[in-house]
Each structure stands twice: as structure tokens, then as C-alpha cells.
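**Q** Chain by chain, the residues run as shown.
Number of protein chains: 2
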Amino acid sequence: MLRYHPLDEQGAITYALKFTDLFPENAQLICRKVGDGNLNLVFQLTDKRSGKSIIMKQARPFARAIGESWPLTLDRARIESQALINHDRICPGLVPKVYHYDRVLALTIMEDLSNHLIMRKGLAARKRYPHFASHIGTFLARTLFMTSDIALPAQTKKKRTVQFMNPEMCKISEDLIFTYPYFDSGENQFNPLIADTVEEIWMNNQLKLEVAKLKDGFLTHAQALIHGDLHTGSIMVTEEDTKVIDPEFTFYGPMGFDIGAVIGNLLLSFASHEGHTPDLGERMNYQEYLLTMIEQIWTCFEKEFRQLWEKEAKERMAVIPGYVDHYLLQVLEDASGYAGCKMIRRIIGLAHVWDLESISDPKLRANGEKLALSVGQKLVLERRQVKEIYDITSRVRQLVELG
Amino acid sequence: MLRYHPLDEQGAITYALKFTDLFPENAQLICRKVGDGNLNLVFQLTDKRSGKSIIMKQARPFARAIGESWPLTLDRARIESQALINHDRICPGLVPKVYHYDRVLALTIMEDLSNHLIMRKGLAARKRYPHFASHIGTFLARTLFMTSDIALPAQTKKKRTVQFMNPEMCKISEDLIFTYPYFDSGENQFNPLIADTVEEIWMNNQLKLEVAKLKDGFLTHAQALIHGDLHTGSIMVTEEDTKVIDPEFTFYGPMGFDIGAVIGNLLLSFASHEGHTPDLGERMNYQEYLLTMIEQIWTCFEKEFRQLWEKEAKERMAVIPGYVDHYLLQVLEDASGYAGCKMIRRIIGLAHVWDLESISDPKLRANGEKLALSVGQKLVLERRQVKEIYDITSRVRQLVELG
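Protein chains in written order, with the numbering used here: chain A, 1 to 403; chain B, 1 to 403.
Hints are supplied without guarantee of correctness; some may be wrong.
To be verified - Here are the computed lysine-lysine pairs in the DSSO-like style, where the Cα-Cα straight-line distance is at most 30 Å:
id	chain 1	residue 1	chain 2	residue 2
1	A	K303	B	K213
2	B	K213	A	K311
3	B	K314	A	K159
4	B	K387	A	K213
5	A	K171	B	K159
6	B	K370	B	K387
7	A	K213	B	K159
8	B	K378	A	K314
9	B	K171	A	K159
10	B	K387	A	K378
11	A	K213	B	K213
12	A	K378	B	K314
13	B	K159	B	K213
14	A	K378	B	K213
15	B	K311	A	K213
16	A	K314	A	K387
17	B	K171	A	K213
18	A	K213	B	K314
19	A	K314	B	K303
20	B	K171	A	K311
21	B	K314	A	K171
22	A	K171	B	K311
23	B	K378	A	K213
24	A	K159	B	K159
25	B	K213	A	K171
26	A	K387	B	K213
27	B	K171	A	K314
28	A	K33	A	K243
If you are wondering where the hints come from, they were derived from the structure by calculation, not from laboratory data.
Isolated chain A (complex conformation) (with noise of 0.2 Å):
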């Protein structure tokens, strides 16, 4: 029986051709290592006699970030390809299909995406993708409720709770997004133009309370089944085509943190467009697109999830009149809680946005750091007053103007 050691492109051929069945005998392939194998290494293999290509993921046993590294479970490769299989099966075609996994390789084969581009950077392109608000409504919609006590029989979704108990990366969320940013940590980073916002920040209780609350709600709402990491670099797209990919830190959470991590996520790209666009009318102008993009996931999130608990519902007191009213509420108030805790870490904690990073002025990048903090603190002390989308739209709009 293979032992676990990390595969070098050669080692990824011959595993391909000895151990699945997904390539011909006569098969040429080629092997290119893709991204920074800083958690994972990540090979492309191509046929070239097909053109048939695929991806094979390998989790490795230590994380890497900025010099420093420690040690983290090949358990989340078990994790991220059972939540890959379960989402195909819950919303087909918004996932990468899984083709093989293995457990002691901690090794995942599936469907390569390389005509899809991250999100993050097409929108920093300014490029538009008219069916995504729909897409990633939909798969919000469903991943989230079908695997909620709404949809799943309590014991089977108990029992998915286990299946799915992941503690070493919800550590990593628990100290890196509500943790170090509220704190004069060593783990933070920031850009020294804006240390007088992030030391008010850090003397903001008011702040740090209603943070230690949603802090609350990540350790104790086992609400759904979330993917725990959804912000615009795991998101992959082409103008047609959306791929939600990376689902390693799925565990079961507030609905509200995968919707909040994508709405903070297109704000931050909102925040980052000084930066990318200098002309003003283009600017506000793709700007304004993506707040309406915001308003459009949710309204598509709420009207799936709607006939979802319409149709679907398996608890008995889900037909109980304003139930659903009352639950969306709350998934929408901590949306707009956890999209400004996600704004706030990636502008002072450890993770930095490429959105954001790949602006070389340090002066235009601290002004949209600080719009960043901006919409994040308000998106967090506010959210009680969010009843609708347009709560968390016009909150942005308006702090622009005043800006």
C-alpha cells in the first residue's frame, strides 16, 4: 500500500495511468504543476493525442504563509471532495466534477478548468458575466437549505455534521477573520498609509462586540452545510459558466457566512476599482454593476430558496405562516454581518485580496482599503437594520457620495 508522499509531475503521470481508468493505455500525457503549493499541489495533465485534461489536487500536510508553516490535517482533502460530490449532486454543473479520490495520497482527480478564469481577476478587468448572479444565487439557494434542518431529516443531517466536523481549518477562519484583526497581533498586515483606521479599529469595542457576536455564531450555528471559503478566488467563470471550486474549510455554519463572503468579496473588488480604473464615468459605472450584481444574488437566492422551502421543507414547522420571512431575515442580517468581518480581515489580517494587492500606489491602494473598512464596520454594526438588499447597497452608495 502507497504511504503518503507529495507527487512531483512524473509521479502524477504514472499515478493517472496506474490507478484510474481515466486515460487510454496509449495515452501521451503532459503534466504542468499549476499555483503556488503553498496548501496544495495542483497538476494539469492533457492527453495530447485527446486534448483530454484534467486536474489532480494533493493536499499537503503544512500550510505556508509568508515564511511561516504549520502543520494542517490531509483530512480536508476527504472533506473538500465529499462536499465537491455532495454539491454536484445538489446543484449539477455549478461544481467541478470529482473523478477519483484517494484517501491516503489525500488526493483529489477532477475536472480541469482552464478556460475559466478566477473571478476575482476578471473583475478587476471589468468584465461582465450575465449569468452569474443567477448561478450563484442557485447554488447558494440549494446547497445551503437542501443540507439544513429544514430540508434534511435532524438525524441525517446530525449525522452529516460529523461527517463534515472540520476543526483545523475552522481554527484558521476562527483566528485569521474574527480573531488577530481586532487585535495589535503580530499575525496581522496592513498597509502602513492606513494604521491611524486600523487603531481606531482596534479601540472600536462597539465594533468588537457585535464581531465577537458573529465570532459566536461561526463556532455554534450549525445551520447548513457551508462551503466556508467563498469568496471570488474560489469562484471560477466564463461568460457562460460558473464553478464554484476549493470547498476545503466546509463545515456546518451560519448560512450567512458563504452569502457574506461573496457579497464582501464584490465589494472589495468595488473598494479596489480606484485602483484598476482610473477613469471616473468607467469607474462608477462598473462600479454601480457590481452593487446591482449584489442586489440580483440575493433576490435569486431568496426567490430559489423560497420554492425550495415551498416544495422541499421536511420540517413539519416550516409551514408555519412568516417562518420563512423570519429565517431569511436572519440569513440577510448576517450576511451583511460576515461580508464586512471578511472586508475587514482581508485589508488588516494575514490574507490579503489580489483585487486590492495588485495595486502598486500605496496611496490609491489605502483609499480603497479604507472604503473597504469602511463598508465593512458598517456592514457589521448595521446589520440589525438590514431588511433588505438594498439596505446593504445603499449603505455603499451612500458612503461613496459622502467619501
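Following the hints, position chain B against chain A.
**A** Chain B only, in chain A's frame:
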């Protein structure tokens, strides 16, 4: 290796001598069967020579209620024994000592509490328990706080959540507490004299919506390792001592569920005293004693919980000003709601309480049942207005004065 089989008296004696060293070889054991055996077989073994006694509790692979019988996991015996050991570590002296656990036989051998009285019966006899509020307040504060994300590293807490995942026992609560009583289900049973009031409840969408929210909290809010069935039949008392028994329903759930169980059951006793205490002065006197007890329980709980938060919190966000106040307010709101649910289910649902069932005159019993339903509904519907424990007790006082 032994296979599971139900013990009888002789089998219990043989087991104790053969598989434990609880008694000397020359012990003269006598065995007495205790309880109704609906869910568990319970034996008391006494050594006539030394007077030493123990309790042997064996789970049966089914539950029986009113003739019906359904299969029930033996794993609950593991959960119960592990919970008792955990509680004894956290709250020494407040639970029976576990001496021995046998997985195959689903058998727990523990401290004999025959000199203690089931609290429910003591309350019907208007006994007073000067240390009870402090004991149970400590039990609640310590077991709930010390198993929460505030006290435990998040990864440890997640492991405990899996260890104590208890789907089958939870399902009983989900159905019998939060579902059947709110529909005209065959599982319900109630005094025909209160049929009008019960039908009003079935039509009360506002109440049912609030119960749906509380049920959702029971299903999704993995806040602390709760007892899960902390009524006054799970508490054994003497004037000096308090022991919490039978944690078969233990799982990670909302703290307020345990506190609400205690409050709700004291209020069920309150509502039963027209049937037990004909003398008005005496009755009002004891009822006031019960309300004061509820106030003292919360006060003790809160004091101890705040001290633990101050001294034992591992969660870094715990230091944020106002967090503990907010946290406790949520727990109190939940406690009010769950107290109400617990009261209502004991009047309308399948399983009733001896406090009221022992009133033979149906009219007199109906008076108590209606009072319990009024109090229960108020505690559910007005829980968000509950800002301190007196907001609960004053509502009860008010209802009685109006009645």
C-alpha cells in the same frame, strides 16, 4: 464475550460479583428492581453484611410509552455514563459517582441515592430545600460554561460535539417538545376539560412561529454540553444535598434549554398547588417560595457564570466589554422561551408530569393545566422583553392575580 441481554435480579448480582470489585467475595447481595423499566432496567444492589449499596442501570434497546414501543439506541448508556463522569469532574458532588460502565450490556453502575427524594415529589409536599438554588445554579453555570466555546479551545469543543452527538434522543425532544403539541397529532394527550385552550394554541400562529424559532435553536445552536432533560424528575434531593441524574439526552445545544427546564418545571409545580394545597394562605406562601427559588437560581447561576467568564475564559474575544452581559441576556431570553415550551408540552403532549397528574379531580387539574398553559405561552411570546429574572417571575405573579 458477553452479548447484550437484559439482566434480571440474579443476573445483576452475578455481574456485580464477577465483573467488578465493588463488593468483597463474601458479600451477601440482595437485589431490588427499581422503576418502571420503560426505557431502562434499574436495580439496587445492597450488601447485607456491610450495608453498602449501588445502582445498576441498564439501557433497553427500545422505549415504551402508553403501550407503544419503538427502537432506541443503546449508545445512550455510553453518552449518559460519559456525561456523568464529565459533570462529576466539573461539579464534584452534584451528580452520582460512576463506578463502572459496560458498553456491550449498555450498563452503568453508579452511586445509590436511595436516601434522596425525586424533587418533583418533594415540591408537591411543599418541602423546602435551602441549598437547592445555590446547588443547581452552580451546576448550570459550571456545566454550561465549562463546555462552551468560551471556556474550551474550539477544536476540543468540536471533538466533544461529536462525542456527544445524540440524534435519536434529540429526535424524541424535537418531536415531543417542539412539534406534536402544536398540531392535532395522535401522539398528544390532554385533559378533555382543557380542549378549548388546546385548540386555541393550535390556531395561534404567532405562538407557533416563536416555538419554530426555539426549535431551530434546539436543532442548530451547539452552544454547550447540556443535560437535555433537566426537569425536577431528573433531580434528587435531601434538605442538604442535590444530585442531577439521568443525562441520557445530553448533547451540544442551547444553554437556555437546561435553565428553562428547571424554571419550567418549578412553574409546573407552582401551577399544581391548587390541587395539592387547598389552604389558600399556605398555597400562596409556597408558590411565592417557588418564585423566589427561581429568582435565586438565576442569581446564583449568573454570579458563578460571570466569575467563570472572568477567570476561566480561553476565548480571546471574552475580554471585550459588554460581551458577557449580552451573552447572559441571550441565555435568559432562551431560558424563558424553553421554560414555556417545556410547560406546554407537559400539558398537551405525550408525557405529563406527576405534579399535575397526581391531582385526581379533573376540574382541579384543569385549573392547574390552564394556568401552566397561560404561563408557558407568555414565557414563549414575551421572551424578548425578559431582561432580568424578575421579568419572568413578575409575569407569573401578574397572571395569578388576574386569574
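**Q** Is K387 (chain B) within 30 Å of K378 (chain A), Cα to Cα?
**A** holds (27 Å)
**Q** Below or equal to 30 Å on CA atoms is what counts here, so check K311 (chain B) against K213 (chain A).
**A** holds (20 Å)
**Q** Need the status of pair K387 (chain A), K213 (chain B): alpha-carbon distance at most 30 Å?
**A** holds (18 Å)
**Q** Checking one constraint from the list: CA of K378 (chain B) to CA of K213 (chain A), max 30 Å. Satisfied?
**A** holds (27 Å)
**Q** Between K370 (chain B) and K387 (chain B), is the straight-line Cα distance small enough, at 30 Å or below?
**A** holds (26 Å)
**Q** Are K213 (chain A) and K159 (chain B) close enough, with their CA atoms no more than 30 Å apart?
**A** Within the cut-off at roughly 22 Å; holds.
**Q** Does the alpha-carbon distance linking K213 (chain A) and K213 (chain B) stay inside the 30 Å limit?
**A** Holds, at about 19 Å.
**Q** Would the hint linking K159 (chain B) and K213 (chain B) be met if the CA-CA limit is 30 Å?
**A** Holds: K159 (chain B) and K213 (chain B) sit about 27 Å apart, inside 30 Å.
**Q** Given the proposed pairing of K387 (chain B) with K213 (chain A), does the C-alpha separation stay at or below 30 Å?
**A** With Cα atoms ~18 Å apart, K387 (chain B) and K213 (chain A) stay inside 30 Å; holds.
**Q** Hey, K303 (chain A) versus K213 (chain B), does the alpha-carbon distance stay inside 30 Å?
**A** holds (21 Å)
**Q** Hint check: K159 (chain A) vs K159 (chain B), CA-CA at most 30 Å. Holds or violated?
**A** holds (14 Å)
**Q** With a cut-off of 30 Å on the C-alpha distance, tell me whether K171 (chain B) and K311 (chain A) pass.
**A** holds (23 Å)
The structure does not agree with numbered hint 19 stated previously, though it agrees with all others.
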